[in-house]
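2 protein chains.
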Amino acid sequence: MEKKKEFKVAVAGYGHVGKDTVKTIIENNAIMEKRTGIKLTIKTIFSRNIDKVKDDKFLDKIEIKTKDLNDILNDDDIDIVIEVLGGMDTAKELLIKTKKPVVTANKALLANCFGELIKNRKTDIAFEASVAGAIPIIKAMKESLVSDRMENVYGILNGTCNYILTNMTKNNLDFKDVLKDAQDKGYAEADPTFDIDGIDTAHKLCILSSIAFCNVISFDKIFIRGIRNIILDDIVFASEMGLTIKLIAEAALDENNNAYIYVIPTLLNDDNMLSKVDYAFNAITVVGDRSGDTVFYGSGAGGRPTSSAIVSDAVTLARNSLITDELRIPILGFVEENKELQVKDFREKNENFYVRFKSNNNNLLAFNEAFYDINIDKSMERNGNFMFVLKDVNINSIIESIEKVEKIDDIFIAKIK
Amino acid sequence: MEKKKEFKVAVAGYGHVGKDTVKTIIENNAIMEKRTGIKLTIKTIFSRNIDKVKDDKFLDKIEIKTKDLNDILNDDDIDIVIEVLGGMDTAKELLIKTKKPVVTANKALLANCFGELIKNRKTDIAFEASVAGAIPIIKAMKESLVSDRMENVYGILNGTCNYILTNMTKNNLDFKDVLKDAQDKGYAEADPTFDIDGIDTAHKLCILSSIAFCNVISFDKIFIRGIRNIILDDIVFASEMGLTIKLIAEAALDENNNAYIYVIPTLLNDDNMLSKVDYAFNAITVVGDRSGDTVFYGSGAGGRPTSSAIVSDAVTLARNSLITDELRIPILGFVEENKELQVKDFREKNENFYVRFKSNNNNLLAFNEAFYDINIDKSMERNGNFMFVLKDVNINSIIESIEKVEKIDDIFIAKIK
Numbered sequence: 001m002e003k004k005k006e007f008k009v010a011v012a013g014y015g016h017v018g019k020d021t022v023k024t025i026i027e028n029n030a031i032m033e034k035r036t037g038i039k040l041t042i043k044t045i046f047s048r049n050i051d052k053v054k055d056d057k058f059l060d061k062i063e064i065k066t067k068d069l070n071d072i073l074n075d076d077d078i079d080i081v082i083e084v085l086g087g088m089d090t091a092k093e094l095l096i097k098t099k100k101p102v103v104t105a106n107k108a109l110l111a112n113c114f115g116e117l118i119k120n121r122k123t124d125i126a127f128e129a130s131v132a133g134a135i136p137i138i139k140a141m142k143e144s145l146v147s148d149r150m151e152n153v154y155g156i157l158n159g160t161c162n163y164i165l166t167n168m169t170k171n172n173l174d175f176k177d178v179l180k181d182a183q184d185k186g187y188a189e190a191d192p193t194f195d196i197d198g199i200d201t202a203h204k205l206c207i208l209s210s211i212a213f214c215n216v217i218s219f220d221k222i223f224i225r226g227i228r229n230i231i232l233d234d235i236v237f238a239s240e241m242g243l244t245i246k247l248i249a250e251a252a253l254d255e256n257n258n259a260y261i262y263v264i265p266t267l268l269n270d271d272n273m274l275s276k277v278d279y280a281f282n283a284i285t286v287v288g289d290r291s292g293d294t295v296f297y298g299s300g301a302g303g304r305p306t307s308s309a310i311v312s313d314a315v316t317l318a319r320n321s322l323i324t325d326e327l328r329i330p331i332l333g334f335v336e337e338n339k340e341l342q343v344k345d346f347r348e349k350n351e352n353f354y355v356r357f358k359s360n361n362n363n364l365l366a367f368n369e370a371f372y373d374i375n376i377d378k379s380m381e382r383n384g385n386f387m388f389v390l391k392d393v394n395i396n397s398i399i400e401s402i403e404k405v406e407k408i409d410d411i412f413i414a415k416i417k
Numbered sequence: 001m002e003k004k005k006e007f008k009v010a011v012a013g014y015g016h017v018g019k020d021t022v023k024t025i026i027e028n029n030a031i032m033e034k035r036t037g038i039k040l041t042i043k044t045i046f047s048r049n050i051d052k053v054k055d056d057k058f059l060d061k062i063e064i065k066t067k068d069l070n071d072i073l074n075d076d077d078i079d080i081v082i083e084v085l086g087g088m089d090t091a092k093e094l095l096i097k098t099k100k101p102v103v104t105a106n107k108a109l110l111a112n113c114f115g116e117l118i119k120n121r122k123t124d125i126a127f128e129a130s131v132a133g134a135i136p137i138i139k140a141m142k143e144s145l146v147s148d149r150m151e152n153v154y155g156i157l158n159g160t161c162n163y164i165l166t167n168m169t170k171n172n173l174d175f176k177d178v179l180k181d182a183q184d185k186g187y188a189e190a191d192p193t194f195d196i197d198g199i200d201t202a203h204k205l206c207i208l209s210s211i212a213f214c215n216v217i218s219f220d221k222i223f224i225r226g227i228r229n230i231i232l233d234d235i236v237f238a239s240e241m242g243l244t245i246k247l248i249a250e251a252a253l254d255e256n257n258n259a260y261i262y263v264i265p266t267l268l269n270d271d272n273m274l275s276k277v278d279y280a281f282n283a284i285t286v287v288g289d290r291s292g293d294t295v296f297y298g299s300g301a302g303g304r305p306t307s308s309a310i311v312s313d314a315v316t317l318a319r320n321s322l323i324t325d326e327l328r329i330p331i332l333g334f335v336e337e338n339k340e341l342q343v344k345d346f347r348e349k350n351e352n353f354y355v356r357f358k359s360n361n362n363n364l365l366a367f368n369e370a371f372y373d374i375n376i377d378k379s380m381e382r383n384g385n386f387m388f389v390l391k392d393v394n395i396n397s398i399i400e401s402i403e404k405v406e407k408i409d410d411i412f413i414a415k416i417k
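In the order they appear, the protein sequences are chains A and B.
UniProt numbering numbers the first residue of the first sequence as 1 and each following residue consecutively.
UniProt numbering numbers the first residue of the second sequence as 1 and each following residue consecutively.
The following block holds chain A by itself, in its conformation from the complex (with noise of 0.2 angstroms):
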């Protein structure tokens, strides 16, 4: 095996995450040699607008820059490729053509192409970046929980969501009295149906549920509410029973390896360490047969937290290339696939849940009725909102329920952990 200590890199994409792994490389250059051993070199830079950058100074002592993409695919001096593009098209081009390790933080590409990205793979892929930035849960899941059966993962993923939430809850504010604020500030895009909509989490969770279940997780399989319909009454209901509501990524394994993998507005205890997560952190709740709970929080986003993700990433990745390969990290997590899971749909799972909808033409009592069934804890009528504490059911009856009643289209459901 060639000896060598320096990594060339390739950085294709020069945003936001781009600029602040440039500059983490090479600011912090001799911090991770003299940790490591290994210096890393920036080689290229690929950008779509090189343009427009080719004049920044980080940018002085980098060789070649480009809006190329062969200058990266057919180099063979480059060690390891950094993707942060974003987006889908260039990005999985990249992916699937480069012949070296891929360092990416593209959740939406990974969670939605998996299978077809590692299959008849030669090289690694690493992608701690894309999942909660900075927080290192994909080293520690690959790596530390190795002897444990992970039974259930569980965390606060999107960072726009939960400063919504906060807010509100801090505040007594209106959810979209706080997405317009969030907007204003830069912490939520102009279309925020990605994060509101719980899709941005169920990306990640696709990926953390892959890696804890030992099986490429199909996005499709995953369910998804968002927090779009949550009012300000949930929050205080929820509050006036000990709970907090966060937007919660879970994936709950049962003893006959059948998987349940949802993201819900949830509410929590507050003895739940992520009941405390506020604004844009992140946190993740890891549940192993021999750690027992395990919690991982830090910032989730930014292009600095980020870049030390892909930073680390690029190291683990060069000497993992040093490996042979039976024994090498694999990419998710996996050599040997759990044939025998199975994922189940979360609308007929029971739980707990609360349930909130409003009815111009019938009363409580009709509702109480339709719920005959069910495990009625609480029930009460508030501003004209039915709102219920269900025990021990699931989504499906529950909706099946108020149908008999009435068809209602605006049904706001969390879970009650």
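Please note: incorrect hints may appear among the correct ones.
Chain copies aren't distinguished; within one or between two, either way the pair holds.
What the hints assert, rightly or not - Once the Cα atoms are required to be at most 25 angstroms apart in a straight line, the calculated SDA-like pairs of lysine to any residue come out as: (1) K404 to N171; (2) K34 to I118; (3) K122 to N350; (4) K221 to I118; (5) K65 to R48; (6) K378 to D409.
Calculated from the structure, these hints are not laboratory results.
Please read all numbers here as calculations on a predicted model, not as lab measurements.
Following the hints, put chain B in place on chain A, whose structure we already have.
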């Protein structure tokens, strides 16, 4: 390089942690092999009391059960040694003499002998289990935060102290009563000195700070104050200020490479995640210049959680043994030490402090006057105790000022963070 899948393991020590390590390796071997491609086989068990445990059902399939350390030291067939003996003498002999990579959970040994253990060493030592049980903080610091300048690492590292403080806080109990209860329940040793005087916490801090600051930290450079002289009034007073008292181990690095490394009761703000860490749980916050604050929380002790860390270390050692020397993960997370690092005396570091003591001879006014040069934020007398909140001052000045009035032995000092 020889291609292998199976790594033969010797487990030295068959107490609490040793038993659970054997159990985890045997019970979860299939999971682990599917994840990693690596099969761990326990060949040898060493225990000074092996005659007593020979009939244990988990030992049935293990080839060698011995009370002779040479059966490990002289067996070339063994690939990895797991040291869970505890204590110093035999453990040290094993770590020094073995030519194989070693996993150890022995924080006291590491903190006191790190320099000696790694000097001229040809094989690896892994020690995830030595700090905070199942929490993968060592791997995170050594591998995930390689591009960060780690500016501060602080944590709750001793479950016994945290159990006592949490119980005092939640149930308004006196230190002595809670300690006795903890001893009755097995959470505290009959001789609790190691825990409540902060020694165990300092051992773990020694390990964490060595990694964070890239140098072997001498244990005797660590300032240590435990919780032995805390009283309920301290907790009540803190809580009236909206603060929670925890025994915090902290290592702080300033921009000039001056490090302050200390264990001291600390008053934490409610928005600090560590203020929410209750009972026997551990948590560590790492502050990096890129990653920001990342918090790791979980089970800090117990056989099962500790075994999770031990077994993942064995896998890491197996992989690491396949990498060319220069690029292996270094034992303490650095290949070149930070020569500029200066460990300074915490007693000279200015911080905000809470101070409480009793005087039979003098009144509050006398001490207020003695603190003339110090910024007094609050001062009061309660149940015969004088309590002060002092700003931007160091411990030496505080003691000196008090002694201008009266020599007092029992002064409780807590940092305010």
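Q. How would you classify K122 and N350 at a CA-CA limit of 25 angstroms: within, between, both, or neither?
A. neither (42 angstroms within a copy, 55 angstroms between copies)
(Q) My question is about K378 and D409: at a cut-off of 25 angstroms on alpha-carbon distance, are they close within one copy, between copies, both, or neither? (A) This pair counts as within: shortest intra-copy Cα distance 22 angstroms, inter-copy 57 angstroms.
Q) Within a copy, between copies, both or neither: where do K404 and N171 come within 25 angstroms Cα-Cα? A) Neither. Shortest intra-copy (37 angstroms) and inter-copy (49 angstroms) distances fail the 25 angstroms Cα cut-off.
Q: Have a look at K221 and I118 and pick one of within, between, both or neither, based on CA distance no larger than 25 angstroms.
A: within (19 angstroms within a copy, 50 angstroms between copies)
Q. For the identical chains here, do K34 and I118 meet the 25 angstroms Cα criterion within one copy, between copies, both, or neither?
A. between (33 angstroms within a copy, 17 angstroms between copies)
Q) Checking K65 and R48: alpha-carbon separation at most 25 angstroms within a copy, between copies, both or neither? A) Intra 10 angstroms, inter 65 angstroms, cutoff 25 angstroms: intra-copy only.
The structure shown violates the earlier hints numbered 1, 3.
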